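Given the coordinates of chain U, work out where chain X should sit on it, guided by the hints.
Each chain, letter by letter, is given below.
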Amino acid sequence: MSPPDLGFFIICALAIIGLAYEAFTQPTAFVQVSIFGLADGAMYALVALGYTMVYGIIELINFAHGDVFTMGAYIGTAILGFFSFNENSFTAINLVALLVVFPVVMLVMGAINIGIERIAYRPLRNAPRLAPLITAIGMSFVLEGVMFLWHGPATVHVPDLLPHGPGFQTTIGGVFIGFKDVFVVVTAAILVTLLAIFINRTRLGKAMRATAQDRDAAQLMGIDINRTIAATFFIGALLAGAGGMIWGLYYNNIFYNLGFRTGLVAFTAAVFGGIGNIPGAAIGGVLIGLIAAYSDSYIGSKWTEVVIFGILIGVLVFRPTGLLGMRVPEK
Amino acid sequence: MVRGRGLVILTLAALFAFACGGTSGGTTAKGTIKIGSDFPVCTTGGQATQNGVKFAVDTKNAAGGVNGFTIAFTGFDDCRQGAYSADAGVENVQTMLGDPKFLGMIGPYNSAVAKAEIPIAAPQHFTMISPANTNPCLTKDIAGCAYHPQDLRKGNANNYFRVVTTDDFQGPAMADFMYKTLNVHSIGILDDSTVYGVGIAGAFETEFKKLGGTTTHSEYQKATTSDWKSILLKFKNAGATGVYAGGTDDQNVCIPAKQMKDIGWSVPFAGGDGIETTNCIDEAGANDLVMSSTSAGADATQIPGAQATIAAFRAAFTGANDFGGYTMQAYDAANALMAAIGRAVTDANGSTPTREQVRAEMAKTTGFVGVIGTYDFDANGDTSLKIVSIYTVQTVTDPTKSTGVCGKLHPNDCYVWKAQVNYATGG
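Chains U and X, in that order, give the protein sequences. Under the working numbering, the first residue of the first sequence carries the number 823, and numbering increases by one thereafter. Under the working numbering, the first residue of the second sequence carries the number 39, and numbering increases by one thereafter.
This is chain U alone, in the form it adopts within the complex (with noise of 0.2 angstroms):
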């Protein structure tokens, strides 16, 4: 073990250590603070998702998406304007509204995601690599700029439709349960595992692992390299928009640069787990937005993005490859 592995490596068990010592300590409040953080991963999970797909395929991290996720919440808070519901009980519109909002949101952030694609990113396809990253960036303050426009600059509200108040949540050993945290991290989980079954299980799954291995030899295999590229960014979009609508009627409060600070943790994720590894960024949103709530309570909030970024920074420099390890071919 090299020296700064080995400093890293006592880094990485001091914090463990702490940890245990105030689960062991503290357990109510080490239980609560870990619902806060499974229930922040859960939604940086599906964001990282995103970023890892696209990386996988065409090796360009794609800097647009934290901004699609935020576009998912206004354009599911504009559809929310057409339900007359109540925010304070949960009633059978409510239900209808949520079944609604989720499936129109995805497939509208999928469209602007292929044209995202079409537009920005297929023309630039074979130029060197960091042009694509200049136009993602450019692509990044577009739809900050239009969601400026659209809202201003003020926080944006959105309504408060997930069952909630006194019928909805529970105290167990003195930990605050809500209905929201169940229900981010199970549609998250549901999500993911939706994900993992079309990658694995079916036609066009494949032929995104075959596109992501070798291009050119997919290419030859007769798959489509565009419609394949297209329906990654597809997908990663629909993941995106869940993803931002779920933060929306999480936190009710949205704002046009939400996606920037979201993206970049939610990158941060993806290379913690493996850049290009699936299941790598679902498991590395989870333990940053875990990492995130302990730095939060037990370090101090304005440490928390020094710890984040350091992350990255740490897994860059001593294991590019992240936890799961990358599932990009060398070329």
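I should point out that these hints are in silico values taken from the structure, not numbers from a laboratory. Check each hint, because a few of them may be wrong.
Computed cross-link-like contacts, DSS-like style, restricted to lysine-lysine with a CA-CA straight-line distance of at most 25 angstroms [claimed, not checked]:
1. X:Lys-247 - X:Lys-402
2. X:Lys-424 - X:Lys-446
3. X:Lys-299 - X:Lys-98
4. X:Lys-248 - X:Lys-272
5. X:Lys-456 - U:Lys-1124
6. X:Lys-260 - X:Lys-299
7. X:Lys-402 - X:Lys-218
8. U:Lys-1124 - X:Lys-272
9. X:Lys-247 - U:Lys-1124
10. X:Lys-456 - X:Lys-192
11. U:Lys-1124 - X:Lys-92
12. X:Lys-98 - X:Lys-178
The structure displayed is predicted, hence computed values, not measured ones.
Below, chain X without anything else, positioned relative to chain U:
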């Protein structure tokens, strides 16, 4: 060729429009004097404050202007990406300094912006009157300040005045209110890491401890925090029965008020004038009724003499959120500046005065009769009024008659005036 002709027509149309724009105004014999304002117009608070200046200028011009001059008003916006920006404020001040017709400005709104603008404006003797800055370090050299007023002014005579009092009164006023009236004896203090937020949270904490209360302090930064639940849980576990938020709504300081309820913890949530806004009520969502705030001045709606002015304002600005906590302060500040300009015109024998003449006359202001009271400015530029008003959010039946601002999403939930503390009389 068709395209070329289109371009010519467009250009001519543009020139015509500009020419028309340029000739309006300036009907009085002596010409125009410009004054500007610098507020974060992207926020409801900034917009409502700018309205106060505009109303004062319009009223003055309708009554014949200032000593023969028409006042031309330009409202500058110091927002960048949805929040106030000191850099944008400095650019606005430089724009005003670059035009010799600008003789003074109303603003800024945020203390951090003032801290950046005063060093630019002071060497040019450019009068600034803020209707909303509350950080004490801008005018007073007191313990705990990270910067000093004499450094900001770079050795020049004082050019900065304000019609509101300071956070070293605002923080303690809320500490007294929470400790004595709301019976909160243990509190979590949150600050947004800005000049204003750190200052007011510190003043609150000092007073709250002096009263015998216990505190837990945590800070955050807008750029890096979207989830306050872990911080709130820390407060809750430390035994806090209330939260004090030092910060402004554009730094998202009101979102924790909503998240408190998400963790099943609904306790009083108080802050300074930075949370007395429409956005803040909306961001707190269904938990807005736990909020209280202070405002660094008398509430104009509680002053009998101000009612006619407020009624005239409401007739001119009819939007629900056009009137804010600092609208009348801005109205007063604009009138104080225009009065000083009028006296400076006399000093200049009826011609356009210099910026130094305006600044000197402003400094000499005594017994200024404004709608929020009759007051002087001391050598530091501070008002002799040391009044802090306290508001709580309540559901009202008629929002148009509310004393404070109301929400947009919850239009009947408004800040309602509760009490005022006058530190000038020791009460």
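Going through the hints against the structure:
1. X:Lys-247 - X:Lys-402: 39 angstroms, violated
2. X:Lys-424 - X:Lys-446: Not OK: X:Lys-424 and X:Lys-446 at ~31 angstroms, beyond 25 angstroms, violated.
3. X:Lys-299 - X:Lys-98: 48 angstroms, violated
4. X:Lys-248 - X:Lys-272: OK: X:Lys-248 and X:Lys-272 at ~23 angstroms, within 25 angstroms.
5. X:Lys-456 - U:Lys-1124: 35 angstroms, violated
6. X:Lys-260 - X:Lys-299: OK: X:Lys-260 and X:Lys-299 at ~20 angstroms, within 25 angstroms.
7. X:Lys-402 - X:Lys-218: 40 angstroms, violated
8. U:Lys-1124 - X:Lys-272: It holds: about 14 angstroms lies between the C-alpha atoms, which stays within 25 angstroms.
9. X:Lys-247 - U:Lys-1124: Distance ~24 angstroms between X:Lys-247 and U:Lys-1124 Cα, so the pair holds.
10. X:Lys-456 - X:Lys-192: 41 angstroms, violated
11. U:Lys-1124 - X:Lys-92: Not OK: U:Lys-1124 and X:Lys-92 at ~40 angstroms, beyond 25 angstroms, violated.
12. X:Lys-98 - X:Lys-178: Distance of about 32 angstroms is beyond 25 angstroms: violated.
Hint compliance for this structure: hints 1, 2, 3, 5, 7, 10, 11, 12 are not met, and every other hint is.
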